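J.: Sequence:
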Amino acid sequence: MKIDIHTHTKKIKQGDAETRNIQTEKFIEIIKSTEVKILAITNHNHFDKQQFLSFSEGVKEHCQIWPGIELDVFENNKRAHLIVICNPNNYEKFDHILSNILKGQNPDTFAISIQDVVDNFDSLDCIYIAHYFAKKPNLGDEEINKLQELISNKKRVLKEATNSISAGIYISHGHNSIYGSDVQNWDNYIKDSVNLPDLRLPVESFEQFCLLLEKDESTINTILNKKIKENIQINPFNVAELISLDIYNDINIIFGSKGTGKTEILDALSKYFNEKGHKTSVYKSNNNHLDDVFDIKGNKISCKVEEFGIEDCENEIKFLKEVSEKEVTSLAKYMQHYSFQETNRISQNLKIRNIEIQDTKEAEGSIEEIFGFLDYFKNIKKYAIENFSLEKYIDRNLLDAFVQNIESIILQLRNNMESQYFKYKNITLLNQIITVFLTEISKKTGIPQKPTSTGFLEYARNRIKIEYSTNIIIRNISIQIKPKIEYIGSLGEKGDLYCQTNLKIQNGTINDSSYTPIQDIKKNPQKDFAKNIYNIQRNIYTNDLFSKISSLNEIEGIENIRSLNDLLLKNRHFILKGENYTPSTGESSMILLHKELSEEKDIYLIDEPEKSLGNDYINDVIVPLIQEKALLGKKVIIATHDANIAVRTLPYNSIYRLHEGGQYFTMVGNPFTNKLKCIYGSREEMDWKEISMKTLEGGRNAFGERGKIYGN
Numbered sequence: 001m002k003i004d005i006h007t008h009t010k011k012i013k014q015g016d017a018e019t020r021n022i023q024t025e026k027f028i029e030i031i032k033s034t035e036v037k038i039l040a041i042t043n044h045n046h047f048d049k050q051q052f053l054s055f056s057e058g059v060k061e062h063c064q065i066w067p068g069i070e071l072d073v074f075e076n077n078k079r080a081h082l083i084v085i086c087n088p089n090n091y092e093k094f095d096h097i098l099s100n101i102l103k104g105q106n107p108d109t110f111a112i113s114i115q116d117v118v119d120n121f122d123s124l125d126c127i128y129i130a131h132y133f134a135k136k137p138n139l140g141d142e143e144i145n146k147l148q149e150l151i152s153n154k155k156r157v158l159k160e161a162t163n164s165i166s167a168g169i170y171i172s173h174g175h176n177s178i179y180g181s182d183v184q185n186w187d188n189y190i191k192d193s194v195n196l197p198d199l200r201l202p203v204e205s206f207e208q209f210c211l212l213l214e215k216d217e218s219t220i221n222t223i224l225n226k227k228i229k230e231n232i233q234i235n236p237f238n239v240a241e242l243i244s245l246d247i248y249n250d251i252n253i254i255f256g257s258k259g260t261g262k263t264e265i266l267d268a269l270s271k272y273f274n275e276k277g278h279k280t281s282v283y284k285s286n287n288n289h290l291d292d293v294f295d296i297k298g299n300k301i302s303c304k305v306e307e308f309g310i311e312d313c314e315n316e317i318k319f320l321k322e323v324s325e326k327e328v329t330s331l332a333k334y335m336q337h338y339s340f341q342e343t344n345r346i347s348q349n350l351k352i353r354n355i356e357i358q359d360t361k362e363a364e365g366s367i368e369e370i371f372g373f374l375d376y377f378k379n380i381k382k383y384a385i386e387n388f389s390l391e392k393y394i395d396r397n398l399l400d401a402f403v404q405n406i407e408s409i410i411l412q413l414r415n416n417m418e419s420q421y422f423k424y425k426n427i428t429l430l431n432q433i434i435t436v437f438l439t440e441i442s443k444k445t446g447i448p449q450k451p452t453s454t455g456f457l458e459y460a461r462n463r464i465k466i467e468y469s470t471n472i473i474i475r476n477i478s479i480q481i482k483p484k485i486e487y488i489g490s491l492g493e494k495g496d497l498y499c500q501t502n503l504k505i506q507n508g509t510i511n512d513s514s515y516t517p518i519q520d521i522k523k524n525p526q527k528d529f530a531k532n533i534y535n536i537q538r539n540i541y542t543n544d545l546f547s548k549i550s551s552l553n554e555i556e557g558i559e560n561i562r563s564l565n566d567l568l569l570k571n572r573h574f575i576l577k578g579e580n581y582t583p584s585t586g587e588s589s590m591i592l593l594h595k596e597l598s599e600e601k602d603i604y605l606i607d608e609p610e611k612s613l614g615n616d617y618i619n620d621v622i623v624p625l626i627q628e629k630a631l632l633g634k635k636v637i638i639a640t641h642d643a644n645i646a647v648r649t650l651p652y653n654s655i656y657r658l659h660e661g662g663q664y665f666t667m668v669g670n671p672f673t674n675k676l677k678c679i680y681g682s683r684e685e686m687d688w689k690e691i692s693m694k695t696l697e698g699g700r701n702a703f704g705e706r707g708k709i710y711g712n
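Counting from 1, position 277 in the sequence shown corresponds to residue 277 in the UniProt record's numbering; the numbering is continuous, with no gaps.
Hints are supplied without guarantee of correctness; some may be wrong.
Said to hold, decoys possible - No farther apart than 25 Å at their CA atoms in a straight line, the calculated lysine-lysine pairs in the BS3-like style are these:
(1) Lys321 / Lys361
(2) Lys10 / Lys136
(3) Lys300 / Lys321
Stated by the list, open to error - Okay, the calculated beta carbon distance ranges per label pair:
(4) Gly661 / Ser281: 50 to 58 Å
(5) Asn580 / Glu307: 55 to 63 Å
(6) Asp198 / Asn153: 51 to 59 Å
(7) Glu369 / Glu440: 35 to 43 Å
(8) Lys378 / Lys425: 18 to 26 Å
(9) Ser389 / Asn195: 56 to 64 Å
It is worth saying that the hints were derived from the structure and are not from the lab. Remember, it's a predicted structure, so these values are computed and weren't measured experimentally. Where a beta carbon is used, it is the ideal one built from N, C-alpha and C, also for glycine.
Turn these sequences into a full structure, and let the hints steer you where they fit.
T.: Structure (structure tokens):
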């Protein structure tokens, strides 16, 4: 949840921007569009009770509004700004006191001493936030110390930084620090609110926030206990050492010196969850290689050309392999027949001898076409009958009528099929009778048989079909398949890494060695096949046609090429900003970890994710991903030596493995109580922050110098 402890809703001073003014309706709309759950109104030397009430009422379901003011303080001969935020329950007293103090005062010249601030507001349960160091005009350490000495609870004093990094640095040096938006223009607030501090623990009230400032353990535990957790008992080392851990549906960090058993705990947790029915494994950065994980060699690619709108040409290829020349009837056969004088009277009177052989192609084509229609309408009928979900959206009577109409169409197609089949059979039977009679007449009379046809029709049709088949194959192998680009992960400042899959159909000209066949076929037969298809096309109407077809069938391994699927070539590679890119070892680790955290799981078990990763990538990419999983209520369990992960994620649960005096201890705690306690009470408590800074790599830096969060 976001918190903003420094906002302006009115132009009060002469130097204030007009864009600080905000109407109630617009304020409500803007706040509801952000993740801000706590907002303090802190105008310069001014408090508007009515505005506070209307704003509070308007966003009460989304955000807490706290009453406050930014006062000009005059101390040690210098002016500075001090924000005072009051317990909302005391807003009327707050308003009354401010009315008296500010009555008749000019907000541009008004100033108040620290003593007067404390005298007026200490009884109202307030928080004091002083402009500090680079936040001008600022209170110095002397003035802040005076404020802390005068108020009843010195933990209520915070130092306001200019941004998250500054706040982090102050925190790392032991200062309580926070920062706010200091709104200049409400039109930019939605965008600017993204950079506001995150409160890791969901605060439900002003009182609870104050208790968190004091690190009140009972309050922190109350908040923590609202989070789902599971008590787990494991034996990662031996039966004698039983470890009992609370694992939250949030971030759980395991840390400690090398060799203290962090990996063993992760493995034991994985075994526990698997026995409970989950499918988990421990992610270890060194166990995988980027090329294998993303199948850069394409060993797992399985696809068909039909998926890209390309015909597989299986029938055409089969035809070309099997086709043979159709012979044209020679003139010599006609001469042989007509050189004999017909003398047999019976044969002269047979009319059947003069009937021409009929063509069956038309009938065959009609039958094939009707078969296709029948299959199509049968599938429609089957879908309509078997898909019960249709009844949710279509009236049953309408569906029944639709099925009846489809049945009528199927019946009509069957009748036409029967008619065309009879026609086809009539023609073939007549042709057989003609052939038999002519053969018998020739036997009885000794006169050579008259040819039943010139053969040219079959010859021409055969060549046309060869041309048609080759044209279909060439048209389809010429189609370009659009590359498939998949998002792989972020390389931080370098940009996003993608994997591009290129597919091509071998057309006889592809020589790129990076392309390999998808099917278990050698590259040379693929190329030779395509070249021969082009040769066949160029020789359709030459005497060399069938020598080219013979060359096709002589290709080694031609039996393995049955369709265009067998000509598919693949090539996979990574791209960055549109260019081919080979990730380094460190970048491979980045991507693999990013992939692991991007997958949808209930439980994430990760061992030393920081290996080979830079601090900036961990901070800017990995930590936000981990926090996102926590917000979704996932169990994230990480063993790490890296402070950026162990500290900056502000884990609900820190598990520290300590080796001391020849013994091992398991300590648990969190950054909110700043304590680590032995699970069996056999050792005194430890300071979470000090242990983290001492044990973790870059520990002290993680508490501030990289900033970007607030919560401890």
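J.: Does each hint fit the structure? Answer for all of them.
T.: Going through the hints against the structure:
no.: 1; hint: Lys321 / Lys361; result: 22 Å, holds
no.: 2; hint: Lys10 / Lys136; result: 20 Å, holds
no.: 3; hint: Lys300 / Lys321; result: 30 Å, violated
no.: 4; hint: Gly661 / Ser281: 50 to 58 Å; result: 35 Å, violated
no.: 5; hint: Asn580 / Glu307: 55 to 63 Å; result: 25 Å, violated
no.: 6; hint: Asp198 / Asn153: 51 to 59 Å; result: 25 Å, violated
no.: 7; hint: Glu369 / Glu440: 35 to 43 Å; result: 37 Å, holds
no.: 8; hint: Lys378 / Lys425: 18 to 26 Å; result: 24 Å, holds
no.: 9; hint: Ser389 / Asn195: 56 to 64 Å; result: 47 Å, violated
Checked against the numbered hints given earlier, this structure breaks hints 3, 4, 5, 6, 9; the rest are met.
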